[in-house]
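Asks: Okay, here's what each chain looks like letter by letter:
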Amino acid sequence: MGAIENLLFGIFTLAIWSLVYRENIVYRIAEYFYTGFAAALILVQGWESAKKIALAPLLKGEYIWGLVFILAIPFILFFYKRTRPLYMIPTALLVGIGTGIGMRGAIHTQIIGQLAGSMRPLIQATPLDTLNTILITIGTFGALSYFLFTTNIRGPLKVIPRIGRIFIMAGLGGAFANTGMGRFANMSGVLLNLWNKTEAIYVIAGALIVIAIDVLRQRMK
Amino acid sequence: MIMSIKKLMEIDSRYLYLVMLILVSIPIIQPLGLPIRPSDYAIKVYNFIESLPPESVVVIDAAQTAGYGAELQTQYVVILKHVLKKDLKLIIVSFSAEGPMLVDMAYEGGIISGKPVDPAKYGDVYGEDYVYLGYIPGGETAFVSFARDCWMTKTDASGTPLEELPIMQYCKTAEDWNVIIAFTGGNHEQRIAQWYNAYLVPLIFGVPGVSAPRMYSYMASGQVYSMLSSLIGAAEYEILTNEIGLAAALMDVLNLGQLCVVAAVIIGNLGYIVTRIRGGK
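For the record, the sequence lines run as chains P and X. Take the first sequence: its position 140, counting from 1, is numbered 140 in this note's numbering, and each next residue is one higher. Take the second sequence: its position 90, counting from 1, is numbered 90 in this note's numbering, and each next residue is one higher.
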C-alpha cells in the first residue's frame with residue numbers, strides 16, 4: 001500500500017471507531033462513504049456479471065437472455081410515479097422462483113435433516129459421546145417444550161421447559177461469546193495494520209489530540 | 001469493597017474501551033506467543049483435504065466480505081495455500097459482490113490478508129490447476145444454477161472463455177465436485193440445501209464467530225462436514241499446515257481482548273448481585 005492509501009486507511013478506520021467516543025460528524029462522513037462505496041461496488045460487480053452471463057450470449061444470438069434486460073426495465077421505472085407499479089412484475093417473478101427453490105431445500109435441511117440428527121441412539125462408542133447425545137436429547141425436548149404455547153404445562157412436568165430455558169440460555173451465551181470473539185478478530189486485524197503502517201500512526205496521534213481537546217472543551221463547559 | 005464494585009458499575013463505558021484498546025495493543029508491540037492447539041474441527045478439515053486423491057476437484061466459494069474482515073479472509077488464505085500445495089484442481093467462485101476484491105487481495109497481500117499468496121511458488125498454473133470464475137449474483141438461485149452448470153459464467157473473471165481453460169474439463173456440474181468449501185457469513189442453510197442435500201457434496205464452512213453456533217447442529221446431523229470458526233479456526237489451520245500467517249499473529253490480541261470481556265462480565269455480574277443484595281434495582 002502506498003502512503004496515501006495508508007493514510008486513508010488510518011483516517012477512515014479511526015473515523016468509524018470515533019463513535020465509541022461519541023456521535024460526531026467525522027463518523028457520519030465515514031459511514032456515508034462506506035455505504036456509498038459498498039453500493040457502488042455491488043452495482044459494478046452486478047453489471048460486470050450481467051455482461052458476462054447475459055449480455056455476451058445475447059450478442060451472440062441467444063435471444064432468450066434478452067429477458068434479463070427486459071425484466072430489469074421495470075426496476076428503473078420504479079423511480080417514476082406513473083410507472084412505479086410495474087416493478088411488481090419482476091419482483092413477483094423473483095419472489096416466486098426464490099420461494100420455490102427455497103422451500104424445496106428448506107424442509108429437508110432445516111426440519112428433516114435436523115430431526116434425523118437429533119434422533120440418535122443414546123449409547124454411543126465413547127462415554128463422552130454418550131453424554132453428548134444424552135445432553136442433546138434432553139436439550140431438544142426441553143427447548144421444544146419451552147416453545148409449546150398451546151397448553152400451560154403445570155405440576156411436576158413444568159421442570160421440562162425450565163430445563164429447556166437453561167439450554168437456550170447456554171446456547172445464547174455461547175453465541176454471544178462467539179460474536180464477541182468475531183468482533184475482536186476483526187478489530188485486531190485492523191488494529192495490527194494501524195500500528196504497523198507508519199502513516200497511520202500519525203493519524204492515531206492526530207485523533208488523540210482531537211479527543212483531548214474535546215475532553216478539555218467539555219470540562220470547560 | 002462493595003462500594004468500590006458499585007462505583008465500578010457506574011463508570012463511563014468509554015474508559016472500558018480505552019482499557020481494552022491499550023490491553024490489546026500490548027501483544028501487537030510485544031507478541032506474547034501464547035500456545036495454539038488445533039481443534040478437532042480444524043484437524044478434520046485438514047485431514048479431509050490431505051486425503052483427497054490427486055486431481056480431485058475442490059470448489060471454493062469465496063463469499064467473504066469486508067465486514068467479516070480478518071475472520072474469513074485469513075481462513076480463505078490458509079485454505080487456498082493448502083489446496084494449491086496439493087495436486088488438486090481448484091475452482092474459485094464468489095457468491096458475494098465483495099468476493100472478487102478479497103480474492104485479489106489474497107494474491108496481492110495487504111490488510112486482513114497477510115503476505116501475498118503466489119500460486120507459482122506451489123507449481124500451480126492458472127487455467128490448468130486453478131481458476132477464478134468471478135462473482136455470480138442471485139443468492140440461492142445462483143447456487144442452484146452453478147451446481148447444475150459450472151460453465152454458466154461462460155468466461156472466467158478476466159474474460160477468458162472457459163473452453164480455453166483446461167481445468168474446466170474437470171468441472172461441469174456439482175457431481176464432479178469432491179468438496180466445496182464456502183467462506184461466508186450468511187446463507188448457510190441455502191448452501192446446505194442446494195449443494196449437500198441435492199448432490200451430497202461434502203460441505204466445509206469457513207464461518208465468522210457469530211455464525212459458528214448455528215453450524216454445530218448441522219455438523220451433528222452430518223449435513224456439514226466440518227468448519228473453521230473465526231480467526232481461531234484460521235490460526236489452528238495455519239499451525240496444521242505450517243503456514244504461519246496473520247491469524248496466528250493476531251491470536252494474542254484476541255486472547256487478551258477476550259480476557260478483558262470476561263473480566264468485564266464478571267465485574268458486571270458481581271455489581272448486579274451486590275445491588276440486588278442491598279435491595280436496589
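Fair warning: there could be bad hints in the mix.
[Stated by the list, open to error] Listed below are several chain X residues computed to face chain P (Cβ distance under 10 Å; list not exhaustive):
no.: 1; residue: Val24
no.: 2; residue: Val210
no.: 3; residue: Thr241
no.: 4; residue: Leu254
Calculated from the structure, these hints are not laboratory results. C-beta atoms are modelled at their ideal positions from N, C-alpha and C, and glycine is treated no differently.
Asks: The structure should be examined with respect to each hint, and the outcome stated for every one.
Replies: Against the structure, the hints:
no., hint, verdict
1, Val24, "holds (6 Å)"
2, Val210, "holds (4 Å)"
3, Thr241, "violated (19 Å)"
4, Leu254, "holds (5 Å)"
In this structure, only the earlier hint numbered 3 is contradicted, and the remaining ones agree with it.
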